[in-house]
Amino acid sequence: MNKDSPVGLQSNTNLLSYYREMQRIRTFEDRVGELYLRGESAGSMLHLSIGEESAAVGFCNAMTDGDTFTTHHRGHGIFLARGADPNRMMAEIGGKEDGYCRGKGGSMQIADMGLGHLGANAIVGGGIPAVVGAALVAKRRGNGKISVAFFGDGAMQQGILYESMNMAALWDLPVVFVCINNQWGMGTRIDQATKATKLHERAAAFGLNAETVNGLDVMDVIAAADRIVEGARAGTPGFLAVDCFRFYGHGRKDKSPYRTEEEETVGRQKDPVKFAREALIAQGHDEAELDALDKEITEEMDATIDFTIASPEPALDTMFQDVYAPGQPVPEPVRSRIERVLARE
Amino acid sequence: MKLAYRDALRQALIDAMREDPDIFAIGEEVGRYGGAYGVTKGLIEEFGAERLVDTPISEPAIVGAAVGAAMAGMRPVAELMYVDFVGMTMDQLCNQAAKIRYMFGGQIGVPMVLRTQGGIGRSAGAQHSQSLEAYVMHTPGLRLAMPGTVYDAYHLLRQALKQPDPVVFIEHKGLYAMSEEVDLSVPPPEWGKAVVRREGRDIVMVTYSRQIHYAMQAAEELAAEGIEATVIDLRTLNPLDFDTIRAAVEPIGKAMVISEAAMTAGVAAELAARITEECFDFLEDPVVRVAGEDIPISVSVELEKGSVPGPALVAQTARELVA
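Taken in sequence, the protein lines are chains L and G. Using the UniProt record's numbering, read the first sequence as starting at 1 and increasing by one per residue. Using the UniProt record's numbering, read the second sequence as starting at 1 and increasing by one per residue.
Treat the hints as calculated values from the structure; they're not laboratory data. The beta-carbon is built from N, C-alpha and C at its ideal position, and this holds for glycine as well. Take these hints with a grain of salt, some might be off.
[Claimed, not checked] Footprint (simulated), chain L over chain G, 3 or more residues, beta carbon under 8 Å: (1) 11-20; (2) 116-124; (3) 146-158; (4) 227-237.
[Unchecked claim] Okay, derived cross-link-like pairs now, DSSO-like style, lysine-lysine, Cα gap no bigger than 30 Å in a straight line: (5) L:Lys195 - L:Lys139; (6) G:Lys162 - G:Lys305; (7) G:Lys193 - G:Lys162; (8) L:Lys295 - L:Lys255; (9) G:Lys193 - L:Lys139; (10) L:Lys139 - G:Lys162.
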């Protein structure tokens, strides 16, 4: 596929590390899909980000320690790109004790405060306004940190996004809204959901620095993210739409009957991992070297499955933990309540 | 000293904000305007626009931003001008704020207060007069406080601003102008504890918010007839102090629950069910709900008044139960 990169891959020495990160995401998604099909995953829903790796790796490259973010339901790649431990991620998706949220969150409600992950979200657009609040705090404290909301094109049709962008602009907040436009909201293509498909224009109308970037080349995403993040750190919130393609169905088992094979074939040509690999070969890396790297990644991600299967189920009594803060009044379990109420003389 | 409910709320905010620099208010008209009911009036002069954040009319994002700010380490007091608008914010309140601690395995809480007000009394119509506390009480993860007295307006808000979890704080629009003689220096009951406002041997009235005053009024009237009622002010609906209810109901065996909210599937229904379950062997009569009608609230002053219980209905119900 042709591209017109303003940065130029050939000159960039970091491409190998970006390729590695993208390949890790793709391999993780592949393995988590396998876990799901084997019935070892706790959630009944699993949304993969294959085809969207450049958005995660490219944007997260501009983020630093202490920056915070929220993601949507298709956020595994973003979390990995921010440094998540794939074992703990996989275990969380499997609903196991060693997961990031001790098995209570799963794929769509995963979070890690240590990495600034304020939470994935199973409500389309649900995680967006939290970054406004987090950025309000960052601005108040003058700590130079940004807060980033990642979401899909589906959320572009949710009102909460516009309330949030308006506030971010009004208050000059260090916020970035990143729309990973994979063209599909479940079975509805973007042009079936809106007439206004130039998504960044909407953000520009609110006074944000707004761009759309082609997600084929991770270096383009990196360059755009750098521009947008620089503005955000200086107090002008930003918006970046990353154009990509959702390679597979909405969920792992969705065979996408609502789109044609041709559409899929053309869409999958926008493959940021393949593109980066070809660029690396053009830079002089050889196939054997990249194969070795891929193999290392495969081993790392294979191990996450073993880790997850070996991880214990959470103990049943943890069910009543963390509804409220430790030490606070807790609800009485229904079973013990029934027993108590019926134990009459 | 004599203090109005509104002024007690304002004083609570002032004292809390002086004590904790991380507390800030965020909502529509909280700053320059001073709050639709004047609770935050003048605060912007002491604390500045950074701590009285005036927002656009965007209720979902107000609550959502408060969630994010709480997660980022501050303690926001989000204001929803009318509890009727809570439907706009249901996702941020019930799917986000309420569940974050749990979903994320206890990693973090959301120590925010959502201040709002409900109830009838200003001929404000169907969309500005409701009592929607059941929405909140039905959602695990949210605490719920509903002060009915000036003293509680102050102290429950101070306590709410120390909670580690999200608190929905529902004031009553009919109480803002009410003044009472109070000594705020008296230490408050522990958070989550009910208070017995009046002790009597014949019947227990369980209630909260403005209906406290109607219950007390009815109880005084009944006393003149020789009927003595116990009146329990729940103060918080989550935590719910059932021990106080049980202790009062068991020796008497007659109870009624009084609430301004629509009756069906409401707070009164939950309380009546609990009393029936837990005190069954002690009850002499059904636990009666004296609650709002299952209808929308009208603008007409007469229809509005007729839509919720008043002292006369409370007294009459008690008479029949005791008879």
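A quick look at each hint next to the structure:
no.: 1; hint: 11-20; verdict: violated (count 0)
no.: 2; hint: 116-124; verdict: violated (count 0)
no.: 3; hint: 146-158; verdict: violated (count 0)
no.: 4; hint: 227-237; verdict: violated (count 0)
no.: 5; hint: L:Lys195 - L:Lys139; verdict: 35 Å, violated
no.: 6; hint: G:Lys162 - G:Lys305; verdict: 36 Å, violated
no.: 7; hint: G:Lys193 - G:Lys162; verdict: 16 Å, holds
no.: 8; hint: L:Lys295 - L:Lys255; verdict: 28 Å, holds
no.: 9; hint: G:Lys193 - L:Lys139; verdict: 38 Å, violated
no.: 10; hint: L:Lys139 - G:Lys162; verdict: 24 Å, holds
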